[in-house]
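2 protein chains.
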Amino acid sequence: MENRRIVLASASPRRKELMNQIGLEPDIVISHIKERVTSSVPSQVVMELASQKAEDVAKNQEPGTFVIGADTVVAADGIILGKPSDHQEARRMLGMLEGKKHQVYTGVCIIRCGEPGRAGEKAIFFDEADVEVAHMSEAEMEEYAGMEEPMDKAGAYGIQGFFARYIKGITGSYANVMGLPVHLVYQELKKLGFWEMENRTGKESQ
Amino acid sequence: MENRRIVLASASPRRKELMNQIGLEPDIVISHIKERVTSSVPSQVVMELASQKAEDVAKNQEPGTFVIGADTVVAADGIILGKPSDHQEARRMLGMLEGKKHQVYTGVCIIRCGEPGRAGEKAIFFDEADVEVAHMSEAEMEEYAGMEEPMDKAGAYGIQGFFARYIKGITGSYANVMGLPVHLVYQELKKLGFWEMENRTGKESQ
Numbered sequence: 001m002e003n004r005r006i007v008l009a010s011a012s013p014r015r016k017e018l019m020n021q022i023g024l025e026p027d028i029v030i031s032h033i034k035e036r037v038t039s040s041v042p043s044q045v046v047m048e049l050a051s052q053k054a055e056d057v058a059k060n061q062e063p064g065t066f067v068i069g070a071d072t073v074v075a076a077d078g079i080i081l082g083k084p085s086d087h088q089e090a091r092r093m094l095g096m097l098e099g100k101k102h103q104v105y106t107g108v109c110i111i112r113c114g115e116p117g118r119a120g121e122k123a124i125f126f127d128e129a130d131v132e133v134a135h136m137s138e139a140e141m142e143e144y145a146g147m148e149e150p151m152d153k154a155g156a157y158g159i160q161g162f163f164a165r166y167i168k169g170i171t172g173s174y175a176n177v178m179g180l181p182v183h184l185v186y187q188e189l190k191k192l193g194f195w196e197m198e199n200r201t202g203k204e205s206q
Numbered sequence: 207m208e209n210r211r212i213v214l215a216s217a218s219p220r221r222k223e224l225m226n227q228i229g230l231e232p233d234i235v236i237s238h239i240k241e242r243v244t245s246s247v248p249s250q251v252v253m254e255l256a257s258q259k260a261e262d263v264a265k266n267q268e269p270g271t272f273v274i275g276a277d278t279v280v281a282a283d284g285i286i287l288g289k290p291s292d293h294q295e296a297r298r299m300l301g302m303l304e305g306k307k308h309q310v311y312t313g314v315c316i317i318r319c320g321e322p323g324r325a326g327e328k329a330i331f332f333d334e335a336d337v338e339v340a341h342m343s344e345a346e347m348e349e350y351a352g353m354e355e356p357m358d359k360a361g362a363y364g365i366q367g368f369f370a371r372y373i374k375g376i377t378g379s380y381a382n383v384m385g386l387p388v389h390l391v392y393q394e395l396k397k398l399g400f401w402e403m404e405n406r407t408g409k410e411s412q
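So the protein sequences, as listed, match chains A and B. According to our numbering, the stretch in the first sequence is residues 1 to 206, in order. According to our numbering, the stretch in the second sequence is residues 207 to 412, in order.
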């Protein structure tokens with residue numbers, strides 16, 4: 001069933017793991033474009049960035065290939081948090097998150113590269129979830145900010161790691177909070193015909 | 207910090223993984239008691255069973271050891287779903303879950319075995335989460351029920367596996383749905399003094 005080529009335009013091991021979970025085996029091709037953001041609305045920002053990554057990678061792919069780009073940010077009291085640049089910034093971000101709810105946005109862009117007899121297609125969407133973090137003491141924030149876990153993650157925490165001890169609950173998709181709402185990716189891939197027929201990419205291209 | 211002995215009275219690899227995530231390294235000791243349920247209320251059922259497992263294992267432990275028992279059930283329209291006995295039952299359970307919300311209950315019992323100068327203590331609690339499953343076609347349910355993934359799991363699905371493609375979202379703790387609400391376990395272990403001092407179990411017992 002899953003014999004079409006699919007490319008994940010992201011270096012995140014968590015996104016790859018999520019795709020593996022639902023039975024997809026993506027190749028990884030990382031985009032090195034300079035990101036351009038024209039909005040300050042979290043849902044728009046993540047869709048813009050997901051789209052730029054996917055477009056950049058898609059232009060070098062064979063017809064019929066599916067390319068997935070994604071971007072995740074955390075929004076606390078309207079302020080967008082990306083990845084912390086150092087442990088001190090991680091500590092500051094944790095101070096903005098502890099003891100309350102914040103939002104996590106992941107934007108996704110899926111491109112089906114044009115192939116013979118079928119134009120290229122693109123789907124862009126986002127998912128949003130609320131995450132509630134328990135009260136954390138100074139010592140707990142210091143300890144966690146000093147670890148490696150928060151350093152490559154938007155908002156300076158990983159929901160699936162050590163930080164799970166501080167997650168009171170979420171409303172929405174856990175996969176979204178991890179970095180890729182795979183339930184939506186699955187539905188969109190169905191719509192785009194990923195599973196519609198046996199491997200078409202073997203056809204002669206023109 | 208985590209140098210006290212902690213025992214997980216459960217064979218679930220997911221519960222062990224969740225404890226590892228938050229920095230705990232439990233020994234596994236499985237209870238073989240005959241489970242007795244006196245209630246049909248899901249929250250009561252899971253607390254009863256968690257308690258029976260923990261009590262059974264605790265009676266053979268050294269003073270000062272912490273023992274954790276847990277039990278998880280799925281409730282769909284008020285009907286409690288345990289683990290399916292075969293693929294056909296898994297298929298029936300999926301039919302009760304697809305296209306709507308259901309509830310997941312995990313009961314937890316933590317016992318601190320009595321030690322010199324300090325009586326044994328016990329904490330019993332449960333957590334509840336709502337899970338929304340996407341509409342699934344007959345073919346999708348047949349495919350999933352035929353896999354191994356659903357066979358050892360309450361409600362015949364694993365939220366952290368292939369089934370993630372059908373999870374629209376949750377309200378509550380993802381760890382609870384996986385089988386152990388580690389944020390509550392962490393808080394209760396703090397209250398019970400798990401992290402309060404260096405290893406006391408080295409003291410002479412009497």
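These aren't lab readings, by the way, just hints derived from the structure by calculation. Any given hint might turn out to be false.
Unchecked claim - Covered by chain A, according to a simulated footprint, are these stretches of chain B (three or more residues, beta-carbon under 8 angstroms):
1) 211 to 217
2) 363 to 377
Claimed, not checked - In silico DSS-like cross-links for lysine-lysine, where the CA-CA straight-line distance does not exceed 30 angstroms:
3) A:Lys101 x A:Lys191
4) B:Lys222 x A:Lys101
5) B:Lys306 x A:Lys191
6) B:Lys374 x A:Lys122
7) A:Lys100 x B:Lys307
Unchecked claim - Here are the simulated distance ranges between beta carbons:
8) B:Val247 x A:Gly23: 34 to 44 angstroms
9) B:Ser343 x A:Pro116: 23 to 33 angstroms
10) A:Glu121 x B:Asp283: 54 to 64 angstroms
11) A:Pro63 x B:Glu348: 30 to 40 angstroms
12) A:Ser137 x B:Arg324: 31 to 41 angstroms
13) A:Thr38 x B:Asp283: 22 to 32 angstroms
14) B:Val243 x A:Glu140: 33 to 43 angstroms
Note that beta-carbon positions come from the ideal geometry of N, C-alpha and C, so glycine has one too.
Now for the hints, and whether the structure bears them out:
1. 211 to 217: violated (count 0)
2. 363 to 377: holds (count 12)
3. A:Lys101 x A:Lys191: 34 angstroms, violated
4. B:Lys222 x A:Lys101: Given pair lysine 222 of chain B, lysine 101 of chain A holds - Cα atoms ~28 angstroms apart, limit 30 angstroms.
5. B:Lys306 x A:Lys191: The hint holds at about 21 angstroms.
6. B:Lys374 x A:Lys122: Holds, at about 22 angstroms.
7. A:Lys100 x B:Lys307: Holds: lysine 100 of chain A and lysine 307 of chain B sit about 25 angstroms apart, inside 30 angstroms.
8. B:Val247 x A:Gly23: 34 to 44 angstroms: 37 angstroms, holds
9. B:Ser343 x A:Pro116: 23 to 33 angstroms: 29 angstroms, holds
10. A:Glu121 x B:Asp283: 54 to 64 angstroms: 39 angstroms, violated
11. A:Pro63 x B:Glu348: 30 to 40 angstroms: 33 angstroms, holds
12. A:Ser137 x B:Arg324: 31 to 41 angstroms: With a Cβ separation near 24 angstroms, serine 137 of chain A and arginine 324 of chain B fall outside 31 to 41 angstroms, so the hint is violated.
13. A:Thr38 x B:Asp283: 22 to 32 angstroms: 47 angstroms, violated
14. B:Val243 x A:Glu140: 33 to 43 angstroms: Holds: the Cβ-Cβ distance is about 38 angstroms, inside 33 to 43 angstroms.
Hints 1, 3, 10, 12 and 13, counting from the list given before, are not met by this structure.
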